[in-house]
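Chemist: Using the sequences provided together with the hints, build the complete structure.
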Amino acid sequence: MRTASRSSWVVLLTGIVFIVLGLALGGGGAWLVALSGSFFYLVAGLGIIATGILLLLRRQSALWLYAAVLIGTLLWAVSEVGFDFWPLAARGDIIYPLGLWLLTPWITRNLDRDKRLAGIAPMLPLWAGVAAGAVVLITGLVSTYHEIDGTIVSASSKPPADPEPQPDEDWRAYGRSQFGQRYSPLAQITPANVKNLKVAWTFRTGDLPGKNDPTETTFEVTPLKVRDTVYLCSQHQRLFALDAATGKLRWSYDPMVKDNPTFQHLTCRGVSYHETEPGATNADGSPAPADCPRTIFLPVNDGRMIALDADTGKLCDSFGDHGTLGLQQGMGEHTLGFYEPTSPPVVSDKILVVSGAVIDNYSTHVPSGVVRGFDIHTGKLVWAWDSGNLNENEMPSETHTYTIGSPNSWMTASYDATLGFVFLPMGVQAGDIWGGNRTPAQERYSSALVALDINTGKLAWSYQTVHHDLWDMDLPSQPTLVDVPTANGVVPAILQPAKTGNLFVLDRRTGEPIVPAPERPVPQGAAPGDRSSPTQPFSELTFRPEEKLTGADMWGATIFDQLACRILFHQLRYEGTFTPPSLQGTLVFPGNLGMFEWGGIAVDPVRQIAIANPMSVPFVSTLIPRGADNPAKPNASLPAGSENGVQPMFGTPYGVDLHAFLSPIGIPCLRPPWGYMAGIDLQTKKVIWMHRNGTIQDSSPIPVPVKLGVPTLGGPLATAGGVTFLTSTLDYYIRAYDVTNGTQLWEDRLPAGGQSTPMTYASGGKQFVITAAGGHGSFGTKIGDYVIAYALQP
Numbered sequence: 178m179r180t181a182s183r184s185s186w187v188v189l190l191t192g193i194v195f196i197v198l199g200l201a202l203g204g205g206g207a208w209l210v211a212l213s214g215s216f217f218y219l220v221a222g223l224g225i226i227a228t229g230i231l232l233l234l235r236r237q238s239a240l241w242l243y244a245a246v247l248i249g250t251l252l253w254a255v256s257e258v259g260f261d262f263w264p265l266a267a268r269g270d271i272i273y274p275l276g277l278w279l280l281t282p283w284i285t286r287n288l289d290r291d292k293r294l295a296g297i298a299p300m301l302p303l304w305a306g307v308a309a310g311a312v313v314l315i316t317g318l319v320s321t322y323h324e325i326d327g328t329i330v331s332a333s334s335k336p337p338a339d340p341e342p343q344p345d346e347d348w349r350a351y352g353r354s355q356f357g358q359r360y361s362p363l364a365q366i367t368p369a370n371v372k373n374l375k376v377a378w379t380f381r382t383g384d385l386p387g388k389n390d391p392t393e394t395t396f397e398v399t400p401l402k403v404r405d406t407v408y409l410c411s412q413h414q415r416l417f418a419l420d421a422a423t424g425k426l427r428w429s430y431d432p433m434v435k436d437n438p439t440f441q442h443l444t445c446r447g448v449s450y451h452e453t454e455p456g457a458t459n460a461d462g463s464p465a466p467a468d469c470p471r472t473i474f475l476p477v478n479d480g481r482m483i484a485l486d487a488d489t490g491k492l493c494d495s496f497g498d499h500g501t502l503g504l505q506q507g508m509g510e511h512t513l514g515f516y517e518p519t520s521p522p523v524v525s526d527k528i529l530v531v532s533g534a535v536i537d538n539y540s541t542h543v544p545s546g547v548v549r550g551f552d553i554h555t556g557k558l559v560w561a562w563d564s565g566n567l568n569e570n571e572m573p574s575e576t577h578t579y580t581i582g583s584p585n586s587w588m589t590a591s592y593d594a595t596l597g598f599v600f601l602p603m604g605v606q607a608g609d610i611w612g613g614n615r616t617p618a619q620e621r622y623s624s625a626l627v628a629l630d631i632n633t634g635k636l637a638w639s640y641q642t643v644h645h646d647l648w649d650m651d652l653p654s655q656p657t658l659v660d661v662p663t664a665n666g667v668v669p670a671i672l673q674p675a676k677t678g679n680l681f682v683l684d685r686r687t688g689e690p691i692v693p694a695p696e697r698p699v700p701q702g703a704a705p706g707d708r709s710s711p712t713q714p715f716s717e718l719t720f721r722p723e724e725k726l727t728g729a730d731m732w733g734a735t736i737f738d739q740l741a742c743r744i745l746f747h748q749l750r751y752e753g754t755f756t757p758p759s760l761q762g763t764l765v766f767p768g769n770l771g772m773f774e775w776g777g778i779a780v781d782p783v784r785q786i787a788i789a790n791p792m793s794v795p796f797v798s799t800l801i802p803r804g805a806d807n808p809a810k811p812n813a814s815l816p817a818g819s820e821n822g823v824q825p826m827f828g829t830p831y832g833v834d835l836h837a838f839l840s841p842i843g844i845p846c847l848r849p850p851w852g853y854m855a856g857i858d859l860q861t862k863k864v865i866w867m868h869r870n871g872t873i874q875d876s877s878p879i880p881v882p883v884k885l886g887v888p889t890l891g892g893p894l895a896t897a898g899g900v901t902f903l904t905s906t907l908d909y910y911i912r913a914y915d916v917t918n919g920t921q922l923w924e925d926r927l928p929a930g931g932q933s934t935p936m937t938y939a940s941g942g943k944q945f946v947i948t949a950a951g952g953h954g955s956f957g958t959k960i961g962d963y964v965i966a967y968a969l970q971p
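According to this note's numbering, the sequence shown holds residues 178 to 971 in order.
Among the hints, erroneous ones may be present.
Stated by the list, open to error - What follows is a set of in silico ranges between Cβ atoms, one per label pair, in the way DEER data are often shown: (1) 511 <-> 383: 25 to 35 Å; (2) 636 <-> 697: 21 to 31 Å; (3) 708 <-> 884: 16 to 26 Å; (4) 807 <-> 462: 48 to 58 Å; (5) 920 <-> 708: 39 to 49 Å; (6) 882 <-> 341: 33 to 43 Å; (7) 884 <-> 807: 24 to 34 Å.
In case anyone wonders, no lab produced these hints; they're calculated from the structure.
For glycine and all other residues, C-beta sits at the position ideal for the given N, C-alpha and C.
Modeler: Written out as structure tokens, the structure is:
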């Protein structure tokens, strides 16, 4: 009797749980219907409530009714997302287990027989629903939605001679050469033996975030290797010279960057190397000084450029002020941390090209984004190019400072020594998310790719990738130079990834598109006082989704936060790509983080393959009118040191709240995958393979290595051996892939986040792959100070 009584209570409690869950689902569903969303949640909620009531009455018809709910859920889910497993799981992860529970003996043995169902097996429909659900989920598990399976047939072309030749075993610039290809001719590591890679040495910098450092304190460096030495910089721009074979410290230099909350970033993506040839001259024709025949240029976030002897680490006395060049001259605004050179400069035989990051979304009164050419030996200013000045090359004087807040170039540029052009990926005019006060002069080069004569700073050509940019869709990565085949023969090209997911392919001599990028109409209706460009360029080589997002694209850990995401989606303004920011809140997709970020792409010029790691993370952009909580002028508080959250945009009518589009429990509202590895055939200009990349092992409460495909910060490395490497995923791994088809060949666990771009070199006949693992503040990965080198082991 007691057993029967307990079983009865199980049925009664189950009925109560069903009613509560049904009320939650139906209530949210009614809210969604009121927002013109799907009716499913309301109908399903009502069905679950009715099932709960029948359970309280101990009726067998509860099983039949819930079978209808389960089968209806399956039909609805498949109609929305096909057999894509993870979106299916978010729709059935509560409803399906409840069906299994109803089939247990504790339930079925304690339901009174329903006379209307006499002679019919009461559990049969529910068993059929459960079986159908299993078939659907298994089918989803073996499906490859959102992926492209293919193999790139190697062109096996001979690359043109490098205008800046270097030994095969070296890596002498940020992208190995200033072509920005991130490609090495080393071929010791191959798809057949990459599994034998082991840690060869590890170096600890000892540089970790300080108590006053901003959230964006990041270890993003790509080291250089010259002769027998590896050079790298850390978060506080400390410079280290290591023995390439052993990783042992040879010398170090500390520029003594002080912790200060006015910094928005603290990072050093790399340093630059210059070797003075015998008989070299300065930019003015005078003999070059002899104190530093081999120089390392170190950008420092407080607005300095430091030149050091590559052999000893001593300051180059002939450069600037005894080795230090101040970059604040002529800026007009000198707040510490508002102008930060975070990426290595371009070097030629005579000119050092310097640009820098300017604080985002803080004010329109911020330093200029001016790009300058300095004498590479003396540090003397040779030319200036100010994108916000009608007279772009006007030099500073006692009566003239550079244009406040003009578009800047925060990422490393590329350089073609044969053409004599330096190629600059440009940012946005200050007041990044509102443009009502921008002048035509300030708009000309915003979010544009610009080619300048490296000796004079004169404009050669420009190509704008976003008109009247209201989304901070600046060009985030170094352009890549490679010669590509076309119908008119081989053309010297430049490939520029954009945050929008577009990959612009231009003739680097003229800026004319090789891959068409026609103008298309885009959503209108900017905030009061602003305007929208009627059209935007859309490259035909792109990772941008062609279809607009819908409620069916929303996701969550359960059906309840998936429902919450659908409600949030319908509350936001969204009419597709380039929907203007609004007071209502606008869904920005591709998001402000971008489908491409600073890591850029890698190009194998021999096989004619480009390797990319695009990502998909929507953002929400909400304009905030001025008021008590959003004053028009700065007060005693300092910048927050982050590009997420509420940001003031002083000098405009609005502040802005920027954040990733997440569910109430912090789960991405967009269904996975959120990150990929992809291969592009440069012969056909098509994406041939694309696979989800990375797991949620280090971002989930349960550390399970589920391969959902996660975002990345950093870029790929390609090698002549046919292997490409990546370390920048949200989980802590370095991975190797087959360059022709994207098959993952190898991985190794990193001790911290690997938000950096790896490189490779050879020493003593052995090929090394080296990466920095130090984490990223706003990306949320584990902080560290590791530099790790891998090599093949017997």
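Chemist: With reference to the structure, classify each hint as holding or not holding.
Modeler: Quick rundown of the hints versus the structure:
{"no.": "1", "hint": "511 <-> 383: 25 to 35 Å", "result": "holds (30 Å)"}
{"no.": "2", "hint": "636 <-> 697: 21 to 31 Å", "result": "holds (27 Å)"}
{"no.": "3", "hint": "708 <-> 884: 16 to 26 Å", "result": "violated (44 Å)"}
{"no.": "4", "hint": "807 <-> 462: 48 to 58 Å", "result": "holds (55 Å)"}
{"no.": "5", "hint": "920 <-> 708: 39 to 49 Å", "result": "holds (48 Å)"}
{"no.": "6", "hint": "882 <-> 341: 33 to 43 Å", "result": "holds (41 Å)"}
{"no.": "7", "hint": "884 <-> 807: 24 to 34 Å", "result": "violated (42 Å)"}
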